[in-house]
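Chains V and X are the protein sequences, given in the same order. Start counting the first sequence at 1; every next residue gets the next number (the numbering used here). Start counting the second sequence at 1; every next residue gets the next number (the numbering used here).
By construction, these hints were calculated from the structure, which means they are not laboratory data. All of these numbers come straight from a predicted model, not from anything done at the bench. C-beta atoms are modelled at their ideal positions from N, C-alpha and C, and glycine is treated no differently. One should not assume that every hint holds.
Facing chain V, according to a computed beta carbon distance under 7 Å, are these residues of chain X, among others [stated by the list, open to error]: (1) D31; (2) M34; (3) D36; (4) E38; (5) E39; (6) Q40; (7) R42; (8) T547; (9) I549.
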Amino acid sequence: MKLMSRIDELILVAIWKLGKDAYGMAVREEIIRATGVNWLLGAIYGPLARLHRQGLVASIKGEPTPERGGRAKVYYELTPAGKTALKAIREVSAAMWKGSPRIEA
Amino acid sequence: METMGPADTRPRPPRLAAWLLSRLTDAAVRDQAMGDLEEQFRAAAREKGLLRARAWYRTQTWPLLKSFVENTLLWEASMIKNYLKTGWRNIKRQKGYSFINIAGLALGMACAILIVFYIHHELSFDRFHKNADRISRVVIDAAMQQNLITAPAAQMAFGPALAKDFPEVAAVVRVRPQSKAMVKYADRSSYETGLLYTDASIFDVFTFPLLAGNPKTALARANTVVLTERMAKKYFRGENPLGRFLRLDDEADFAVTGIMKDVPSRSHLQFDFLVSLETLFGPNPELREDWGNINTPTYVLFRDRLGPKEVKPKLVGLVEERLGPLLKSLGGTMTYSFQPLTKIHLFSRFTIDFVAVTSSIQYIYIFAAIGLFIVVIACINFMNLATARSARRAREIGLRKVVGAGRLELFGQFLGEATTHSLLALAAALILVRLALPFFRSISGIDLRLGASQLAWLVPSFFGLALFVSLVAGSYPAIYLSALQPANTLKRGWKSGPGSTRFRHVLVVFQFLIGIVLIIGTGVVRRQLDFMRNRNLGFSPEQILVTRIDDPAIFPRIESVKARLKEIPGVVSAAMTQAVPGQMSEANIQPFVPEGISENEPFLFRQFSVDADLVPTLGLEIVRGRNFSRDMPTDSDALLVNEATARKLGWADPVGRKIKTPASYEAGEIGWKEKTVIGVVRDFHFLGLREQIEPFLLDLRTDSQLVVKLKTDRLSSTIRELERAWVEIDPVRPLDFFFLDGFFDAQYRAEERLSRLFSAFSGLSVAIACLGLFGLASFMAEQRAKEVAIRKVLGASVRGVLTRLSLEFLKLVVLATILAWPVAYFAMNAWLRNFAYRAALSPWTFVAAGAAALAIAFMTVAGQAYRAASSNPVDSLKYE
Numbered sequence: 001m002k003l004m005s006r007i008d009e010l011i012l013v014a015i016w017k018l019g020k021d022a023y024g025m026a027v028r029e030e031i032i033r034a035t036g037v038n039w040l041l042g043a044i045y046g047p048l049a050r051l052h053r054q055g056l057v058a059s060i061k062g063e064p065t066p067e068r069g070g071r072a073k074v075y076y077e078l079t080p081a082g083k084t085a086l087k088a089i090r091e092v093s094a095a096m097w098k099g100s101p102r103i104e105a
Numbered sequence: 001m002e003t004m005g006p007a008d009t010r011p012r013p014p015r016l017a018a019w020l021l022s023r024l025t026d027a028a029v030r031d032q033a034m035g036d037l038e039e040q041f042r043a044a045a046r047e048k049g050l051l052r053a054r055a056w057y058r059t060q061t062w063p064l065l066k067s068f069v070e071n072t073l074l075w076e077a078s079m080i081k082n083y084l085k086t087g088w089r090n091i092k093r094q095k096g097y098s099f100i101n102i103a104g105l106a107l108g109m110a111c112a113i114l115i116v117f118y119i120h121h122e123l124s125f126d127r128f129h130k131n132a133d134r135i136s137r138v139v140i141d142a143a144m145q146q147n148l149i150t151a152p153a154a155q156m157a158f159g160p161a162l163a164k165d166f167p168e169v170a171a172v173v174r175v176r177p178q179s180k181a182m183v184k185y186a187d188r189s190s191y192e193t194g195l196l197y198t199d200a201s202i203f204d205v206f207t208f209p210l211l212a213g214n215p216k217t218a219l220a221r222a223n224t225v226v227l228t229e230r231m232a233k234k235y236f237r238g239e240n241p242l243g244r245f246l247r248l249d250d251e252a253d254f255a256v257t258g259i260m261k262d263v264p265s266r267s268h269l270q271f272d273f274l275v276s277l278e279t280l281f282g283p284n285p286e287l288r289e290d291w292g293n294i295n296t297p298t299y300v301l302f303r304d305r306l307g308p309k310e311v312k313p314k315l316v317g318l319v320e321e322r323l324g325p326l327l328k329s330l331g332g333t334m335t336y337s338f339q340p341l342t343k344i345h346l347f348s349r350f351t352i353d354f355v356a357v358t359s360s361i362q363y364i365y366i367f368a369a370i371g372l373f374i375v376v377i378a379c380i381n382f383m384n385l386a387t388a389r390s391a392r393r394a395r396e397i398g399l400r401k402v403v404g405a406g407r408l409e410l411f412g413q414f415l416g417e418a419t420t421h422s423l424l425a426l427a428a429a430l431i432l433v434r435l436a437l438p439f440f441r442s443i444s445g446i447d448l449r450l451g452a453s454q455l456a457w458l459v460p461s462f463f464g465l466a467l468f469v470s471l472v473a474g475s476y477p478a479i480y481l482s483a484l485q486p487a488n489t490l491k492r493g494w495k496s497g498p499g500s501t502r503f504r505h506v507l508v509v510f511q512f513l514i515g516i517v518l519i520i521g522t523g524v525v526r527r528q529l530d531f532m533r534n535r536n537l538g539f540s541p542e543q544i545l546v547t548r549i550d551d552p553a554i555f556p557r558i559e560s561v562k563a564r565l566k567e568i569p570g571v572v573s574a575a576m577t578q579a580v581p582g583q584m585s586e587a588n589i590q591p592f593v594p595e596g597i598s599e600n601e602p603f604l605f606r607q608f609s610v611d612a613d614l615v616p617t618l619g620l621e622i623v624r625g626r627n628f629s630r631d632m633p634t635d636s637d638a639l640l641v642n643e644a645t646a647r648k649l650g651w652a653d654p655v656g657r658k659i660k661t662p663a664s665y666e667a668g669e670i671g672w673k674e675k676t677v678i679g680v681v682r683d684f685h686f687l688g689l690r691e692q693i694e695p696f697l698l699d700l701r702t703d704s705q706l707v708v709k710l711k712t713d714r715l716s717s718t719i720r721e722l723e724r725a726w727v728e729i730d731p732v733r734p735l736d737f738f739f740l741d742g743f744f745d746a747q748y749r750a751e752e753r754l755s756r757l758f759s760a761f762s763g764l765s766v767a768i769a770c771l772g773l774f775g776l777a778s779f780m781a782e783q784r785a786k787e788v789a790i791r792k793v794l795g796a797s798v799r800g801v802l803t804r805l806s807l808e809f810l811k812l813v814v815l816a817t818i819l820a821w822p823v824a825y826f827a828m829n830a831w832l833r834n835f836a837y838r839a840a841l842s843p844w845t846f847v848a849a850g851a852a853a854l855a856i857a858f859m860t861v862a863g864q865a866y867r868a869a870s871s872n873p874v875d876s877l878k879y880e
């Protein structure tokens with residue numbers, strides 16, 4: 001299988017976790033909350049666009065609202081390929097950890 | 001405001017931050033990202049207040065800005081640094097080529113800069129006057145029968161009438177130049193040439209600042225004079241000249257009423273003394289109302305720029321009122337027009353003229369073209385060497401492309417290299433210009449002074465020139481080199497294709513074409529000058545000394561004066577005349593009525609008065625009839641005509657024919673006096689060879705110029721004796737004279753200047769082209785070392801190889817020569833049309849120019865070709 005980068009993984013997990021509410025800013029906040037690092041806009045939106053191109057996520061355009069300055073909200077969800085990839089990476093991760101000694105922080 | 005809707009009342013993100021964000025985020029996600037941010041901003045504004053929300057929004061831009069600076073700006077800056085660095089390394093590594101490039105560009109730019117100085121100087125004439133754009137000079141077109149004369153002057157009475165009748169006119173000034181006067185103060189006296197009789201209004205019309213004196217009143221009264229600073233120093237040394245008296249021509253004293261700044265060299269009016277015009281009216285009050293003679297240059301200051309257009313049609317009435325009867329009796333018409341002050345220097349070509357220094361716009365075009373071409377020749381060197389050497393750079397380009405350089409970056413890099421070169425060349429060019437300036441001043445005859453006021457446009461134009469050069473020189477190599485394919489160039493043994501070689505050849509042909517055209521131009525201009533100097537003028541100007549007798553009291557005893565002069569052993573003969581050849585403005589243009597023609601249809605001919613000795617003294621030839629004779633009292637009613645007059649009037653034998661000449665102008669009527677033609681003079685060039693020989697009449701009367709023919713030997717002792725004899729003739733004024741041959745040839749100064757500049761620039765253009773050729777040849781010698789080695793191994797002789805390599809370049813020069821011929825032929829024919837008498841274009845000029853170019857090109861190429869041909873094949877082939 002293809003290994004993916006850490007940020008791709010984080011984004012896919014965040015989208016899966018947020019479900020119906022997964023749009024750019026929510027994804028970013030989810031990741032910021034989990035990692036404690038202030039991710040740049042570009043650092044989230046760029047990979048998001050790439051994942052979209054690779055067919056791992058699909059996007060649904062919402063209605064443009066005045067609240068957003070007349071711009072449409074874009075929601076993301078995982079495609080079957082995205083789900084497979086996410087599942088695979090989790091299995092790889094679990095397989096790697098299996099049988100390894102505990103890490104004391 | 002309500003109508004704007006609710007959107008306006010809502011909190012808005014800070015504008016600058018929003019704009020920055022939209023610029024800095026990627027286009028693909030910009031919309032959603034901006035939307036998300038704005039939504040969050042609104043939410044934050046509701047929860048935490050507008051201020052904090054705005055602060056939060058702003059903080060979102062910082063990291064983006066930071067990354068932009070780090071990733072883009074710093075990257076670009078370091079890339080530019082890299083371009084300059086590789087450019088500099090290339091210059092250092094290839095010292096020979098860089099020298100050729102920079103030297104060629106520097107020479108070309110230096111020429112261009114000098115030409116720009118020259119053109120700027122010419123175009124800036126008379127623009128220093130504050131009201132320059134509202135000042136015009138009056139021009140008269142007078143037509144009579146088949147004659148049309150145009151003169152930049154009017155009648156003495158015209159100016160005041162214009163000022164009185166037309167409210168559009170703010171001020172009028174008349175000037176009457178006097179060719180020479182003896183100026184005396186205390187024990188200091190000398191001849192001065194810059195005298196101008198003028199109205200007090202000269203200071204209203206022109207900007208000639210007074211250092212002392214009142215401009216309103218300085219020239220209002222008769223016998224007042226304003227002098228320039230340098231003349232004040234010359235005559236008064238430390239004294240205050242105001243209120244003191246200068247003696248002019250030992251006749252009258254003139255009160256000094258003002259000191260003015262020296263006249264700038266960029267003024268078409270040149271003078272050192274302004275004498276009040278009123279002075280002239282004292283002895284001749286009727287001069288004030290003179291409508292008969294067109295002899296007064298008149299300048300008009302209009303209230304606005306449209307003035308000339310508005311006044312010109314209304315002048316028909318004025319002409320009718322003042323000149324109607326006279327014009328009717330002569331069957332002529334007269335039209336006034338206005339020539340803008342700023343056009344006088346470059347756009348003046350009149351039948352008669354009163355100011356000598358005029359240039360021509362034609363020469364401005366010629367030099368602008370030469371300057372541009374020389375720069376282009378230098379740019380071509382850069383283009384050719386850069387693309388020829390592309391094989392050397394090909395790997396670098398390939399590698400840059402492989403590691404991710406786009407075409408745009410490479411384009412920028414090569415343009416950057418061209419800029420580095422052109423900036424270095426600019427620095428060198430400025431040094432060259434500084435060194436060449438005195439030389440350029442002397443060959444152009446222009447007093448180029450560069451002050452701080454010029455720097456304002458000079459500095460930007462220098463950089464403009466450098467930019468132009470880097471764009472012209474750099475863009476082709478940049479396009480060509482940035483298009484190279486890495487896959488090809490990184491392979492061993494890559495060579496540039498035949499297409500680029502062909503293009504280089506086209507450019508070389510173009511360079512030599514220009515060079516050869518310029519060489520031919522030099523040849524043609526020189527031939528024409530020689531032709532004008534050596535042509536049989538119809539009189540002999542050699543050893544003729546000309547002076548003026550200023551005291552009319554001497555005229556009655558003039559025969560004894562001439563006899564006294566002839567006693568001097570070195571003197572052949574002496575004569576009196578109104579004008580000598582080359583003095584266009586001294587002769588009259590008058591109406592004449594030949595027999596069989598009505599008095600209402602006179603011809604306008606040139607005429608001047610001479611005595612019986614002028615014909616032998618000047619060496620004029622009588623082809624029919626006889627010369628004036630002292631022994632024939634009736635000769636005061638006799639005329640000599642030239643052959644052109646006979647031709648014009650259709651007279652096979654003019655001797656004995658009658659011609660009525662004007663004897664008086666009274667009440668607008670001409671009184672005629674009948675005279676008889678006694679002889680015909682062979683046509684001689686009274687004007688320069690630019691002008692056709694025109695009908696011309698001589699009558700017998702003593703006028704003021706004394707012409708003395710000298711023997712060729714012992715010239716200086718003869719002149720000493722003349723000076724001694726002169727003291728007896730005119731005890732007041734020292735002898736002041738000029739030689740006719742030098743004076744006559746002085747008319748060709750513009751052509752001499754052109755010839756000198758042409759030689760210099762054609763030499764330089766060929767030199768620059770050869771620099772490029774040298775570079776190409778040495779490059780070729782290097783590139784084809786293996787080919788040459790194989791040829792030699794297979795039995796080719798050094799000579800054979802040498803011929804083969806040289807021929808390749810010489811072919812191009814031959815082609816350039818053939819193409820240059822028609823171009824030069826048409827261009828030089830157009831120039832020669834300025835002259836009524838011209839040297840025929842000689843095919844030898846064309847052949848010689850081609851041969852010279854070929855010889856120079858051969859010398860340039862042969863050394864490199866010989867180096868290649870004579871090298872040991874082993875050296876080139878040992879690595880194969």
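Here's how the hints hold up against the structure:
{"no.": "1", "hint": "D31", "result": "holds (5 Å)"}
{"no.": "2", "hint": "M34", "result": "holds (6 Å)"}
{"no.": "3", "hint": "D36", "result": "holds (3 Å)"}
{"no.": "4", "hint": "E38", "result": "holds (4 Å)"}
{"no.": "5", "hint": "E39", "result": "holds (5 Å)"}
{"no.": "6", "hint": "Q40", "result": "holds (6 Å)"}
{"no.": "7", "hint": "R42", "result": "holds (6 Å)"}
{"no.": "8", "hint": "T547", "result": "violated (93 Å)"}
{"no.": "9", "hint": "I549", "result": "violated (98 Å)"}
The structure fails to meet hints 8, 9 from the earlier list, while all remaining hints are met.
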